[in-house]
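There are 2 protein chains.
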Amino acid sequence: MPKPTFCYDYPRPAVTTDICLFTVVDDELRILLINRGAEPFKGLWALPGGFLQETETLDECAARELLEVTGVKSAHLEAFATFSDPHRDPRGRTITAAYLALVPAGDHILQSGSDAEDARWHPVRRLPKLSFDHRDIITAGRQALIAKLDQEPLAIALLPPGFSLTQIQKVYEAVEGQPLDKRNFRRSILAKGWIVETGEFERGRQRPAMLYTHQPSGQAREGQG
Amino acid sequence: MPKPTFCYDYPRPAVTTDICLFTVVDDELRILLINRGAEPFKGLWALPGGFLQETETLDECAARELLEVTGVKSAHLEAFATFSDPHRDPRGRTITAAYLALVPAGDHILQSGSDAEDARWHPVRRLPKLSFDHRDIITAGRQALIAKLDQEPLAIALLPPGFSLTQIQKVYEAVEGQPLDKRNFRRSILAKGWIVETGEFERGRQRPAMLYTHQPSGQAREGQG
DNA sequence: GGCTTAAGTGTTAACTACACACTTAGAGAA
DNA sequence: TTCTCTAAGTGTGTAGTTAACACTTAAGCC
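Those protein sequence lines, which keep their order, are chains A and B. Per this note's numbering: the first sequence = residues 29 to 253. Per this note's numbering: the second sequence = residues 29 to 253.
Hint data in this document are derived by calculation from the structure and do not stem from the laboratory. There could be a bad hint or two in this list.
Distance ranges between label pairs, derived from CB positions [what the hints assert, rightly or not]:
{"hint": "1", "chain 1": "B", "residue 1": "Arg211", "chain 2": "A", "residue 2": "Asp55", "range": "45 to 51 Å"}
{"hint": "2", "chain 1": "B", "residue 1": "Asp178", "chain 2": "A", "residue 2": "Glu106", "range": "17 to 23 Å"}
{"hint": "3", "chain 1": "A", "residue 1": "Glu204", "chain 2": "B", "residue 2": "Glu106", "range": "23 to 29 Å"}
{"hint": "4", "chain 1": "B", "residue 1": "His150", "chain 2": "A", "residue 2": "Asp209", "range": "34 to 40 Å"}
{"hint": "5", "chain 1": "B", "residue 1": "His115", "chain 2": "A", "residue 2": "Gly205", "range": "39 to 45 Å"}
{"hint": "6", "chain 1": "A", "residue 1": "Glu82", "chain 2": "B", "residue 2": "Pro189", "range": "44 to 50 Å"}
No more than 25 Å apart at the CA atoms, straight line, and that leaves these computed lysine-lysine pairs for BS3-like [as the list claims (entries may be wrong)]:
{"hint": "7", "chain 1": "A", "residue 1": "Lys176", "chain 2": "A", "residue 2": "Lys198"}
{"hint": "8", "chain 1": "B", "residue 1": "Lys176", "chain 2": "A", "residue 2": "Lys220"}
{"hint": "9", "chain 1": "B", "residue 1": "Lys210", "chain 2": "A", "residue 2": "Lys176"}
Beta carbons: idealized from backbone N, C-alpha and C, even for Gly.
Could you build all of it, start to finish, from the sequences and the hints given here?
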């Protein structure tokens, strides 16, 4: 573990990670925001996040902050952009790496918040007044989520282990903001090989739905027609 | 322009940008590397780049460094990843934002290098010994380039203003590393609406090729069949 | 057992992607 | 001037994919 042997003569910004933690509740995409208890922007809402420590990567920083603030390990966590406007933080030069994180609805996150601050799920279509440039970050985060939803099995990270095809369809509809055809959706989601039948059925007040879970090793089965 | 009113109690890493500047020469994808004149990694090759200044964004920093080192304004410059391993720079904690930049072949870049250092175009398939984690950055940069080539008109940034369809096809073949069918390529590239005929023809030793240039306002014409 | 609710299931038509070979225009040499 | 060489330019048929569309089935509940 090499120690610094040379001190740079350059201005060093503070470096943070900010996390867009999304979930889907009531067929609606929501994001976790924290009500700031201190200046600047006291009383406004902000993304969870915090400062990069000396011995961690940005990925590790984001995972740590998420765990500290929400008490959960996200099923999915990835960087999507960096924000570096010199005046984005009135306290001084700060750049931030923005992360996309996803959790299933109902993981009891809000109780375990470490700070006394108020954390809430906000529908992304009706955001409150936000601090810093966090509105821009959220806009970029939503776009990143939409863009990746068809490439990678992100929707699974927004669902509990056993879910029906109707549930996963509703996740897609909530994120993309438009209704999808049931039969076409089922055919295409199964063709991706991301999910497998559990053999279990959903208990409900109507015909039981087959439950699915994520394909364990990413090893898709083919030729099921 | 607010001044810092509060000093953070957090370790501040140095922040840099590193630039993967690509071009296509002799039907081959090449990247600009600089031979390091100083320790650490003296004599090895590195990406052009440098430190973030107080009053600039990361995008501005990358554009400035590129201009300083190569003397050109890139037709295309965009961030694609951040590298933050605590030990990636033996001199001390440094994180870097990696940028993808593209210039046409033959822009006389190397002459105008500001430093006395040696700058050269290296074929990406035969890279020399590299310093820091620059090999990883280049690998990620190539993947970013390939992924975006079909979404955005990046190939145009690798070509001079007047180019033939054969030239642009060779750019695609060089980046993707595989031959493409001439008729299918022409149909699909024209369908994207990124390029328009100039009315000029290429002077050569055979049948003259129609020259194209980028569609000025990104306004695609449709229904040309 | 009858009503309510959501699950589950196939076919056709339109479009897109892919494979494939010959003719043409100009340059330069004989 | 004609012949040769080189790369430009051009169309069709087929396979695969995507998009639109409605009824039957199974369980819960009264």
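Range hint 17 to 23 Å (beta carbons of Asp178/B and Glu106/A) holds or violated
Holds, at about 22 Å.
Check the following: the C-beta atoms of Glu204/A and Glu106/B are separated by a distance inside 23 to 29 Å.
25 Å Cβ-Cβ, so the 23 to 29 Å window holds.
44 to 50 Å was suggested as the range; check whether the CB atoms of Glu82/A and Pro189/B agree with it.
holds, 49 Å
Just to be careful, I want the Cα atoms of Lys176/B and Lys220/A compared with a cutoff of 25 Å; is the pair within it?
With a Cα-Cα distance of about 22 Å, the restraint between Lys176/B and Lys220/A holds, given a limit of 25 Å.
Confirm or reject the claim that His115/B and Gly205/A have a C-beta distance inside 39 to 45 Å.
holds, 43 Å
Starting from Lys176/A, check that the Cα of Lys198/A is at most 25 Å away, please.
OK: Lys176/A and Lys198/A at ~17 Å, within 25 Å.
Holds or violated: Lys210/B with Lys176/A, Cα cutoff 25 Å?
It is violated: about 31 Å lies between the C-alpha atoms, which goes past 25 Å.
Could you say whether the range 45 to 51 Å given as a hint is met by the Cβ separation of Arg211/B and Asp55/A?
holds, 46 Å
Do His150/B and Asp209/A keep their Cβ atoms within the hinted range of 34 to 40 Å?
Cβ of His150/B to Cβ of Asp209/A: about 50 Å, so the range 34 to 40 Å is violated.
Of the numbered hints stated above, those contradicted by the structure are hints 4 and 9, listed in ascending order.
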